[in-house]
Every structure is written in structure tokens, then in C-alpha cells.
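Heads up: the sequence shown at position 94 corresponds to 93 in numbering that gives the first Met the number 0, and the numbers run straight through without jumps.
Everything labelled a hint here was simulated from the structure, so no lab data went into it.
Every clue listed holds true.
Restricting the straight-line Cα-Cα distance to at most 20 Å, the calculated cross-link-like pairs of lysine to aspartate or glutamate (DMTMM-like) are:
1) K245 / E222
2) K63 / D231
3) K31 / D244
4) K31 / D44
5) K63 / E240
6) K245 / D32
7) K245 / E49
8) K60 / D244
9) K86 / E110
10) K39 / E210
11) K31 / D43
12) K248 / D220
13) K165 / D182
14) K180 / E162
15) K248 / E49
16) K248 / E222
17) K245 / D220
18) K31 / E240
19) K39 / E252
20) K165 / E132
21) K86 / D111
22) K31 / D220
23) K180 / E156
24) K60 / D231
25) K165 / E177
26) K245 / D231
27) K86 / D104
28) K245 / D44
29) K248 / D43
30) K248 / E210
31) K158 / E132
32) K158 / D182
33) K158 / E177
34) K39 / E222
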Amino acid sequence: MRHVYALGVEVSTNGVDPLATFNAHMIASGGKDMVIPDGKLHADDPQVREAVIKTLTRFAKLFKDGYVPPGGVNWNDQDNNNSFHSKEIILCFNGSLSIELAQIDIKELYEDQFTRGLPLGNDGKPLPAQMVEFGLVIPKGAKNVDAAKEFLTYAIEPKVLNEYLKGGLGRWAIPYPELVKTDPFWLHSGDQHRTAYITQTMVGPTIPLYEAYSPAAAQVDSEHVFQVAWNDIVSNGMAPEAAADKALKRAQEIFAKYPIAQS
Numbered sequence: 000m001r002h003v004y005a006l007g008v009e010v011s012t013n014g015v016d017p018l019a020t021f022n023a024h025m026i027a028s029g030g031k032d033m034v035i036p037d038g039k040l041h042a043d044d045p046q047v048r049e050a051v052i053k054t055l056t057r058f059a060k061l062f063k064d065g066y067v068p069p070g071g072v073n074w075n076d077q078d079n080n081n082s083f084h085s086k087e088i089i090l091c092f093n094g095s096l097s098i099e100l101a102q103i104d105i106k107e108l109y110e111d112q113f114t115r116g117l118p119l120g121n122d123g124k125p126l127p128a129q130m131v132e133f134g135l136v137i138p139k140g141a142k143n144v145d146a147a148k149e150f151l152t153y154a155i156e157p158k159v160l161n162e163y164l165k166g167g168l169g170r171w172a173i174p175y176p177e178l179v180k181t182d183p184f185w186l187h188s189g190d191q192h193r194t195a196y197i198t199q200t201m202v203g204p205t206i207p208l209y210e211a212y213s214p215a216a217a218q219v220d221s222e223h224v225f226q227v228a229w230n231d232i233v234s235n236g237m238a239p240e241a242a243a244d245k246a247l248k249r250a251q252e253i254f255a256k257y258p259i260a261q262s
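Can you make the complete structure from the sequences, with help from the hints?
Here's what the structure looks like:
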């Protein structure tokens, strides 16, 4: 009989999902201000350190106790989706409706799963969700810069972007709050997956990714600093406190290379 696991926690050192998973748990543990809007890293804040330790400890215990598939150590961003679809895991943390919408044409499967937003924090208040916004880029040296600018100006018009994202069945949220209120597709379609997702991303509290505050955060993520810390615990027997301190020290080294002048 094939084993079924409780959680599809992303703990690998590649891809984007492990970064979002770690940050969400760290924020829930009180570490929201690891990086603040002025670009400063608060690695020396005892509350941030404790949040990192709690998150690493929890992830390591879930893995060691068999609640997470062993293959999770090598997962990339699509592998948690595949694991859920194959019924290897029961619960999965995800950043869009990619898992649900892959089964929208199979009514019994689509309706036999449910989507929920983040739980309340220990203080009884809604937890903020970290939000990523996709940027538009015109490559340097492009031959038709004026035409590209004209097209992108058209593409981000509220009505146009709304229809485009609806054509994608709402996998990604519309970034215009007014359209969320006026177009029933987003909150009043009767689709509980979409309603939960849009409520989380466009109605509830949100904060940006730390990269919005400092480019140093991008290097921290590209190195998977805190995912390496998890691996130090599980594979190398390092204590969570030592792994957290090592990761926070590395983050400090990276942030030191990206000083931000304060006005």
C-alpha cells in the first residue's frame, strides 16, 4: 500500500515555492519585520531570530516524523502540485490556483478539494500574506521599443488585464481592487477556490516580498539561505539554533553589500 503524507511542505533548495513557504511560516511565528520598508535587515532582533528558529524546527520535525514525503528534499515548484494530484499528500501550501485549476474539467475532483486562506495568528488577527507582482520588461536593445511600450500600456488597462486574467480562469489575482469589487467573477462566482484566493490576496492584509525593500533579499533567496539552514539540521545534524544563526549571519553579509541611503 502506498504511503499518504499529511503535508506537502516545500523544503528544497531550488525553486520559488520553498521561499514563500518559509516566509509564510516565519511571519506567522512573529518574524514579519526581518526586513522592513527602509531596506534594513533585522537579523539581530531576538523576535526575528526566534521566528527563524521556530520555523526551521517545525519544518525539520515534520520531515523527520514522516509527515512530509521524503522526496520533498528535491522538489521544484511543480512537484508539490504533482504530489497533490497523485493523492500522495493531503494538504499543500501554494501561491496561486495552479493546483485546483489543473483539475477544473474533472468536476468531481475539482469539487472534492477545498482552498483556504492563511489561518489567524496567535493574537487572533489575520496574518498578512506576502504578495508578488509580476513586472513587465522591455529588453535593452529591443528593436521595437515604442511598439512594446504601446502594447504594454494597452495590456495593463484595467478592462484589458481583467479579461486576460479571467481568460486564465483566475489563476492569478487581478491587481485592481475596484475590479474585485465590481466584477462578480472574482468574489461572487460561486467558485470557492477563487473566492478564498481573492479574499486572501485582495481583501485581507498583505505585505510585499522583501525584495521590494532591498535587492539584497533577492540574493538571500537565490542562495536559498534559510532552506540550506533546514538542510543543515536534517542532513548534517546541526541544532536549529546554530543553523538559524548561520543563516542570519549569511544574510547580514549579503545585506552589507547593498547599502541603502536613508533620506
